[in-house]
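Here the protein sequences come in this chain order: A and B. For the record, in the first sequence the residue sitting at position 74 is 74 according to my numbering, with numbers rising by one throughout. For the record, in the second sequence the residue sitting at position 107 is 107 according to my numbering, with numbers rising by one throughout.
Be aware that one or more of the hints could be misleading.
Chain A is nowhere near these chain B residues, computed Cβ spacing over 12 Å in every case [stated by the list, open to error]: (1) T12; (2) P31; (3) A50; (4) T51; (5) K60; (6) G61; (7) L92; (8) R99; (9) L101.
What the simulated footprint calls covered on chain B by chain A, stretch by stretch (three residues with Cβ under 8 Å from a Cβ of chain A suffice, anywhere in the stretch; the number is not a length) [claimed, not checked]: (10) 41-47; (11) 102-113.
Think of the hints as simulated: they come from the structure by calculation, not from any bench. Here a beta-carbon is modelled for each residue, glycine too, at the ideal position from N, C-alpha and C.
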Amino acid sequence: GAGVSQSPSNKVTEKGKDVELRCDPISGHTALYWYRQSLGQGLEFLIYFQGNSAPDKSGLPSDRFSAERTGGSVSTLTIQRTQQEDSAVYLCASSEWTRSYEQYFGPGTRLTVT
Amino acid sequence: GDSVTQMEGPVTLSEEAFLTINCTYTATGYPSLFWYVQYPGEGLQLLLKATKADDKGSNKGFEATYRKETTSFHLEKGSVQVSDSAVYFCALTGSGSARQLTFGSGTQLTVLP
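Based on the provided sequences and hints, a complete structural model is requested.
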């Protein structure tokens with residue numbers, strides 16, 4: 001079946017612009033996660049959703065970052081007023097809630113802020 | 001908070017050599033432990049897992065044993081192949097309600113023919 005998909009695969013934006021990154025999880029997976037992979041910070045957790053609810057937003061690096069999930073499916077990560085330090089690969093993963101240890105990752109969105 | 005420490009790379013081996021990538025962790029309670037692999041140009045894939053002490057995870061000839069007494073989860077393979085060249089990440093999920101993965105810094109493995 002289809003895996004986790006993310007769009008766009010690459011995004012180049014100017015400093016100060018807003019960007020939206022999209023994640024389409026595996027059908028039936030109620031849990032969805034966002035991570036960021038950057039040279040300086042490695043792989044870091046940003047936020048997770050159980051259904052449409054995000055119980056813990058403390059991993060988001062600043063208030064410029066927000067995320068939502070609708071219909072228990074697609075999720076959007078929004079970064080407002082992008083900064084150069086936001087440049088990274090943004091990864092989305094999904095899992096069955098009872099098997100959260102088995103997370104399936106999408107190919108990522110490479111964000112470059114110029 | 002939880003953390004994972006991996007041996008730094010890059011690691012370069014000849015085909016059929018023995019591989020060990022060290023991984024130690026700090027976590028409260030009883031975390032689940034994982035190895036993920038990222039092949040060139042591909043996304044992260046779960047390689048193997050262990051959910052309780054003394055469990056051995058295995059897949060594709062790779063093995064790792066959950067050692068609570070030494071808080072370790074070292075990855076081993078007896079005979080590596082060129083196709084094993086990838087970045088390997090050790091990770092854990094905590095035993096509380098948080099479900100996110102905490103990753104190590106990754107180890108780049110290159111296997112030469």
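Here is what the structure says about each hint:
{"no.": "1", "hint": "T12", "in the structure": "holds, 20 Å"}
{"no.": "2", "hint": "P31", "in the structure": "violated, 10 Å"}
{"no.": "3", "hint": "A50", "in the structure": "violated, 10 Å"}
{"no.": "4", "hint": "T51", "in the structure": "violated, 7 Å"}
{"no.": "5", "hint": "K60", "in the structure": "holds, 16 Å"}
{"no.": "6", "hint": "G61", "in the structure": "holds, 20 Å"}
{"no.": "7", "hint": "L92", "in the structure": "violated, 9 Å"}
{"no.": "8", "hint": "R99", "in the structure": "violated, 4 Å"}
{"no.": "9", "hint": "L101", "in the structure": "violated, 6 Å"}
{"no.": "10", "hint": "41-47", "in the structure": "holds (count 5)"}
{"no.": "11", "hint": "102-113", "in the structure": "holds (count 5)"}
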